[in-house]
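Chemist: Sequence:
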Amino acid sequence: MSDRPHNLGIGVFGLSTGLMSLLDSIGVHYEECDTQKFDAPSNSVYIVHRALSSKEQNWLHSQQEKAHTLAVLFTLESGVHPKSTSVQKKYCASVHSPHLMAGPLAHLSVIDCNSNVSFYGGKQDLDGICYVERQKIESIEQSIYLGIPLEASVSKFSYTRKFFPSPTGHKPNEIVSRTHKGHLQHLLRYALEQLFYSIDLPFLSKWNFPTSQPIITLRIDSDFGTEKSLHAIYELANTYSAILTTFLHVKAHEDWLEWFTQWPKHEHSLHGYDHAHIRSSYPLYQDVENGYQAMVQAGMTPKGYAAPYGIWSEQLSKALDAYPFSYSSEFTHGYDSLPYWIPDSLASKPALSSKRLQIPVHPICTGSLHRYRAVEKDFHAYFKHYMDVQYGMQQPIMLYHHPLQPGLSSIKFIMEYAQELDLQWLSYHEWATFWLQRASERNEVYYDKKKKRLISKDTPNMLYELKQDNRDFAIIHPNDWDPQNMLPTHTLSFQTKKSGTMADKEYLQNCFSNKWQLWKESFIQHRNRIRL
0 MSDRPHNLGI
10 GVFGLSTGLM
20 SLLDSIGVHY
30 EECDTQKFDA
40 PSNSVYIVHR
50 ALSSKEQNWL
60 HSQQEKAHTL
70 AVLFTLESGV
80 HPKSTSVQKK
90 YCASVHSPHL
100 MAGPLAHLSV
110 IDCNSNVSFY
120 GGKQDLDGIC
130 YVERQKIESI
140 EQSIYLGIPL
150 EASVSKFSYT
160 RKFFPSPTGH
170 KPNEIVSRTH
180 KGHLQHLLRY
190 ALEQLFYSID
200 LPFLSKWNFP
210 TSQPIITLRI
220 DSDFGTEKSL
230 HAIYELANTY
240 SAILTTFLHV
250 KAHEDWLEWF
260 TQWPKHEHSL
270 HGYDHAHIRS
280 SYPLYQDVEN
290 GYQAMVQAGM
300 TPKGYAAPYG
310 IWSEQLSKAL
320 DAYPFSYSSE
330 FTHGYDSLPY
340 WIPDSLASKP
350 ALSSKRLQIP
360 VHPICTGSLH
370 RYRAVEKDFH
380 AYFKHYMDVQ
390 YGMQQPIMLY
400 HHPLQPGLSS
410 IKFIMEYAQE
420 LDLQWLSYHE
430 WATFWLQRAS
440 ERNEVYYDKK
450 KKRLISKDTP
460 NMLYELKQDN
470 RDFAIIHPND
480 WDPQNMLPTH
490 TLSFQTKKSG
500 TMADKEYLQN
510 CFSNKWQLWK
520 ESFIQHRNRI
530 RL
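According to numbering that gives the first Met the number 0, the residues represented by the sequence shown are 0 to 531, in order.
It is worth saying that the hints were derived from the structure and are not from the lab. Honestly, I wouldn't trust all of these hints.
[To be verified] Heads up, simulated DSS-like pairs for lysine-lysine below, C-alpha to C-alpha not over 25 Å straight-line:
1) Lys155 x Lys88
2) Lys449 x Lys135
3) Lys383 x Lys497
4) Lys227 x Lys264
5) Lys496 x Lys451
6) Lys496 x Lys466
7) Lys354 x Lys155
8) Lys504 x Lys89
9) Lys317 x Lys354
[As the list claims (entries may be wrong)] Per label pair, the in silico range of CB-to-CB distance:
10) Pro97 x Thr260: 48 to 56 Å
11) Pro282 x Trp258: 23 to 31 Å
12) Val295 x Glu31: 35 to 43 Å
13) Lys122 x Asp471: 23 to 31 Å
14) Leu420 x Ala50: 44 to 52 Å
15) Lys155 x Pro4: 34 to 42 Å
16) Thr260 x Lys155: 35 to 43 Å
17) Gly298 x Ala231: 21 to 29 Å
18) Thr210 x Asp254: 34 to 42 Å
19) Glu31 x Tyr90: 29 to 37 Å
20) Lys122 x Asp199: 23 to 31 Å
Here a beta-carbon is modelled for each residue, glycine too, at the ideal position from N, C-alpha and C.
Model the full assembly from the supplied sequences, consistent with the hints where possible.
Modeler: As structure tokens, this is what we get:
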């Protein structure tokens, strides 16, 4: 065993904006490999995300001598496939692994990809698209091959209507991003974790929240809402110390817009002047401008934006660039995942603070359920199940509601249950501000195997998460480190994550059946959509 501490960061060949977006959301430390630098950091784990030259291949294998252990993740973009097994290439909408549903990898039992994938080893489940090479290859002790194209899946924008699993037997659906970025975040993190564990190293990442408790947000899209309907929600929120982020349909409230300023505890952002789907660039900009200026004149400066009907577009993104919005939230771009930066913005804007964060939301609301004859008790059951799954996995709980839709008692239930779980309420702006701080901290941390301690190059300011297996994790607070930035791991308290999924085996069997129902719903919603 080497006495040299092991770098817990990740070396990357082919650091693209899509991969950066995923790694930043996961919260790992990474560096692009520069084989020309004499003092290039020596890592134990690498990602190969493009084809390597023979010189780079030799350099990579030489790192085993420096780090004394070496594990590599080959993405589909690397062009490298395992030599010891078969490869099947095909289009796949969703990868299902029903055998995982009852175990610690339940969150990986469904992976929506909607892309051309490579399955390895004759399997068409998680083991087939995240293939672990069991035998040592030259100096590489452990290799994993990902069969899903990360770059295209993250960077390419398209959306479709999908069914969502429900414990009540109803089949809510919504138009959402064709690729499930939350599933990709889970998959990439899982692959990286397995590499670290395989060479007897812990997995370290930045914690997802400002405190040890998971967060909850409640977004209110004010669509045509009345003063009475909105007042009831604000009163509920104040009763339960909840924090709302209300996206204002400005035209609907223009005569009483200042009414919202009496609720200063809550955030008010922009949902557009008109509640309409606008395709053309100038009318889009004009709509944002009209709504933004009206809110400013009423005493509210919006910090973010959420598009009507959840529809993101490149034209919208360019229109929003003219405003100091720290985030936007459109579920046709991303849903049910950690926040992320859209890859195009990573390429075009040099400073992290100038980028606009995409904040995903869970796209099913009471209206989605009510359309399929769900009633209040069904709403409660659905949202409790969702909250239990997210809380068990230590993932953010991101819900939304419309004031004129049924289900006010469900909002009360959500607030009561959040209180019972001791969740931390954040506004979207607070969540975006924390996420920027989290991404800004870049810190090299090493692990001394012999003394079983962490060694940080700089003083950590954020909370970190340490994992040594698929179940248990420990939260590291800034004051846990000693004055020399060292931390013996035996001093940490480990707890167990409860992996879960909203899906069940019936959902897996039927999620692509009854497509006529999706087509019908899409036709109705498209017909009813207001356009300018």
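Chemist: Against the structure shown, which of the earlier numbered hints fail to hold, in ascending order?
Modeler: No hint contradicted; all consistent.
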